[in-house]
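There are 2 protein chains.
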Amino acid sequence: MTENKETYTIGIIGGTGKEGKGLAYRWVQAGHHVIIGSRQAEKAQRAVEELKALLEEGGELEGMENSEAVAACDIAVVTVPYAAHRPTLEGLKGVLDGKIVVDVVVPIVPPKVTKVQMPSAGSVAQEAQEILGENCRVVDAFQNISYERLMNQDEDVDCDVLVCGKSKAAREVVLGLVADTGLKGWDAGPIENAVVVEGMTSVLIGLNIQHKVKASGIRITGISEQE
Amino acid sequence: MTENKETYTIGIIGGTGKEGKGLAYRWVQAGHHVIIGSRQAEKAQRAVEELKALLEEGGELEGMENSEAVAACDIAVVTVPYAAHRPTLEGLKGVLDGKIVVDVVVPIVPPKVTKVQMPSAGSVAQEAQEILGENCRVVDAFQNISYERLMNQDEDVDCDVLVCGKSKAAREVVLGLVADTGLKGWDAGPIENAVVVEGMTSVLIGLNIQHKVKASGIRITGISEQE
Numbered sequence: 093m094t095e096n097k098e099t100y101t102i103g104i105i106g107g108t109g110k111e112g113k114g115l116a117y118r119w120v121q122a123g124h125h126v127i128i129g130s131r132q133a134e135k136a137q138r139a140v141e142e143l144k145a146l147l148e149e150g151g152e153l154e155g156m157e158n159s160e161a162v163a164a165c166d167i168a169v170v171t172v173p174y175a176a177h178r179p180t181l182e183g184l185k186g187v188l189d190g191k192i193v194v195d196v197v198v199p200i201v202p203p204k205v206t207k208v209q210m211p212s213a214g215s216v217a218q219e220a221q222e223i224l225g226e227n228c229r230v231v232d233a234f235q236n237i238s239y240e241r242l243m244n245q246d247e248d249v250d251c252d253v254l255v256c257g258k259s260k261a262a263r264e265v266v267l268g269l270v271a272d273t274g275l276k277g278w279d280a281g282p283i284e285n286a287v288v289v290e291g292m293t294s295v296l297i298g299l300n301i302q303h304k305v306k307a308s309g310i311r312i313t314g315i316s317e318q319e
Numbered sequence: 093m094t095e096n097k098e099t100y101t102i103g104i105i106g107g108t109g110k111e112g113k114g115l116a117y118r119w120v121q122a123g124h125h126v127i128i129g130s131r132q133a134e135k136a137q138r139a140v141e142e143l144k145a146l147l148e149e150g151g152e153l154e155g156m157e158n159s160e161a162v163a164a165c166d167i168a169v170v171t172v173p174y175a176a177h178r179p180t181l182e183g184l185k186g187v188l189d190g191k192i193v194v195d196v197v198v199p200i201v202p203p204k205v206t207k208v209q210m211p212s213a214g215s216v217a218q219e220a221q222e223i224l225g226e227n228c229r230v231v232d233a234f235q236n237i238s239y240e241r242l243m244n245q246d247e248d249v250d251c252d253v254l255v256c257g258k259s260k261a262a263r264e265v266v267l268g269l270v271a272d273t274g275l276k277g278w279d280a281g282p283i284e285n286a287v288v289v290e291g292m293t294s295v296l297i298g299l300n301i302q303h304k305v306k307a308s309g310i311r312i313t314g315i316s317e318q319e
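Residue numbers (my numbering), protein chains in the order written: chain V, 93 to 319; chain D, 93 to 319.
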């Protein structure tokens, strides 16, 4: 795990699920101050206790109600289920203003989980950008990885992370956060490309079902490691 | 190169470009009968002569005008530039009726070649399906590979092929054709997933520009080779 030069206060909205806990586990170890957010502060606190038991070397980790977590953070990360995406962001719009918002949500609509189905905005990231307004910078990342694997420090997550969204500078900050989880990130371009990043999850779920595996992934090839 | 048990007559619409020639070169060697199609039969014939000079062991290869190539084939492959996609298919609609149509076209719209921009149907494949009607089975494949590399038998194309489209049976036939080019194909699901397969090309072009390489690609991970 390479340490980013900059450390941030990262607020994870809906951070008590496997996505939020997996990311928090790795970011705390990389030296970031992480706040797990939840609709109920007590639930966030329980997730923090659970994670602290795993973090042998400690680290900066707190639990708060979602809006407090966002108010206190530099960078917000959204890890709610898809059905809660719009209402959650509408409720937090004011406090998210001006921040980088890392959207991790995938538009999986049961029962057709292997078929790409995007919201009318074009993608979840574009929906978030519409709700939050131009003052926010929404960046997609971590849509295609297996979160359970993040919770084991020794586990190799055999999947790269595609990062796309509004503002190249914001994408670069998020690429640093990806590196801090121990994964390889790639700049996948503007927010219009979010349909590819989010839709790939349906393709991978289809491959998981066909091949009876739990965590198919993607790697980018043809670019040497050195540069 | 593994040989498919079945051999087909494959008609390549607009087959005189690098895509068509690269695919023809490998399919002829796998034992298929390939017909290069072009708007002008003489142009198709010139591409055939060029390929025959490279095919040391010969093989079944002909050149014809596009509609004749389609009429004579079992499986049609569309490799025209994006701007010619709709008019070409509208012109060949009758003769394509009932066939598997492998669509290789990517919706790259200059100057924004790194931004995903889909036709109103949702993707090029869905546009083709709309034009050709339900009796055709349109399948996307080969959107993300470097065609120049197909022309050298010894060159390793470090990129998997995502195959999606109408009908699982048609996708399976196309996965066989992918294997016959020496590449690894994956069933990426229904035609609604074409936006991911086609859009990935814009992401890879962006990575090529950023990293000053010619042929970034993708590999699927987490699925063992044995099965």
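For the record, the hints were derived by calculation from the structure and aren't laboratory data.
Computed from a prediction, not measured in an experiment: that's the story for all the values here.
It is possible that some hints are incorrect.
Any copy, or any two copies together, can satisfy a pair, since identical chains are not distinguished.
For lysine-lysine, the following DSS-like pairs were computed, each having C-alpha atoms within a straight-line distance of at most 27 Å [stated by the list, open to error]:
no., residue 1, residue 2
1, K191, K207
2, K144, K185
3, K260, K135
4, K276, K304
5, K304, K135
6, K191, K306
7, K144, K204
8, K260, K304
9, K207, K260
10, K144, K260
11, K276, K144
12, K276, K135
13, K260, K204
14, K306, K204
15, K191, K304
16, K260, K306
17, K135, K207
18, K204, K135
19, K304, K185
20, K276, K110
21, K135, K191
22, K306, K276
23, K144, K304
24, K204, K185
25, K306, K185
26, K185, K276
Hint check:
1. Taking identical chains as interchangeable, the C-alpha atoms of K191 and K207 lie at most 27 Å apart only when they sit on different chains, with a minimum of 24 Å there against 32 Å within one chain.
2. For a Cα distance limit of 27 Å, the shortest separation of K144 from K185 qualifies neither inside one copy, at 30 Å, nor across copies, at 64 Å.
3. For the identical chains of this complex, K260 and K135 are neighbours neither inside a copy (35 Å) nor across copies (44 Å), given an alpha-carbon limit of 27 Å.
4. Taking the shortest alpha-carbon separations for K276 and K304, both the intra-copy value of 25 Å and the inter-copy value of 18 Å come in at or below 27 Å.
5. In this homomeric assembly, K304 and K135 never come within 27 Å of each other (Cα to Cα): the closest approach is 34 Å inside a single copy and 47 Å across copies.
6. In this homomeric assembly, K191 and K306 never come within 27 Å of each other (Cα to Cα): the closest approach is 34 Å inside a single copy and 35 Å across copies.
7. Taking the shortest alpha-carbon separations for K144 and K204, neither the intra-copy value of 37 Å nor the inter-copy value of 47 Å comes in at or below 27 Å.
8. For the identical chains of this complex, K260 and K304 are inter-copy neighbours only, at 18 Å across copies versus 38 Å inside a copy, given an alpha-carbon limit of 27 Å.
9. In the homo-oligomer, the alpha carbons of K207 and K260 lie at most 27 Å apart only across protomers (13 Å), although the nearest pairing inside one protomer, at 30 Å, exceeds that limit.
10. For the homomeric pair K144 and K260, neither the shortest alpha-carbon distance inside one copy (34 Å) nor that between copies (47 Å) is at most 27 Å.
11. Taking the shortest Cα distances, K276 and K144 sit within 27 Å of each other inside one copy (26 Å), while across copies they are farther apart (43 Å).
12. For the identical chains of this complex, K276 and K135 are neighbours neither inside a copy (31 Å) nor across copies (46 Å), given an alpha-carbon limit of 27 Å.
13. Proximity of K260 to K204 under the C-alpha cut-off of 27 Å is restricted to the inter-copy arrangement: shortest distance 15 Å between copies versus 33 Å within a copy.
14. Proximity of K306 to K204 under the C-alpha cut-off of 27 Å is restricted to the intra-copy arrangement: shortest distance 18 Å within a copy versus 36 Å between copies.
15. Proximity of K191 to K304 under the C-alpha cut-off of 27 Å is found in neither arrangement, the shortest distances being 40 Å within a copy and 31 Å between copies.
16. Proximity of K260 to K306 under the C-alpha cut-off of 27 Å is restricted to the inter-copy arrangement: shortest distance 22 Å between copies versus 33 Å within a copy.
17. Taking CA atoms no more than 27 Å apart as the test, K135 paired with K207 passes in neither setting, with 33 Å inside one copy and 40 Å between copies.
18. In the homo-oligomer, the alpha carbons of K204 and K135 never lie at most 27 Å apart, since the shortest distance is 31 Å inside one protomer and 45 Å across protomers.
19. Taking the shortest alpha-carbon separations for K304 and K185, neither the intra-copy value of 40 Å nor the inter-copy value of 39 Å comes in at or below 27 Å.
20. Proximity of K276 and K110 under a CA criterion of 27 Å is satisfied intra-copy only: 20 Å inside one chain copy versus 32 Å between copies.
21. Taking the shortest alpha-carbon separations for K135 and K191, only the intra-copy value of 25 Å comes in at or below 27 Å, while the best inter-copy value is 57 Å.
22. Taking the shortest alpha-carbon separations for K306 and K276, both the intra-copy value of 20 Å and the inter-copy value of 20 Å come in at or below 27 Å.
23. For the identical chains of this complex, K144 and K304 are neighbours neither inside a copy (33 Å) nor across copies (43 Å), given an alpha-carbon limit of 27 Å.
24. In this assembly of identical chains, K204 and K185 lie within 27 Å of each other by CA distance neither inside one copy nor across copies; the values are 30 Å within and 31 Å between.
25. Within a single copy, K306 and K185 get their C-alpha atoms no closer than 35 Å, and across copies no closer than 42 Å, so neither meets the 27 Å cut-off.
26. Taking the closest pair of Cα atoms, K185 and K276 never come within 27 Å of each other, the shortest separation being 30 Å inside a single copy and 45 Å across copies.
When held up to the earlier numbered hints, the structure conflicts with 2, 3, 5, 6, 7, 10, 12, 15, 17, 18, 19, 23, 24, 25, 26 and fits the remainder.
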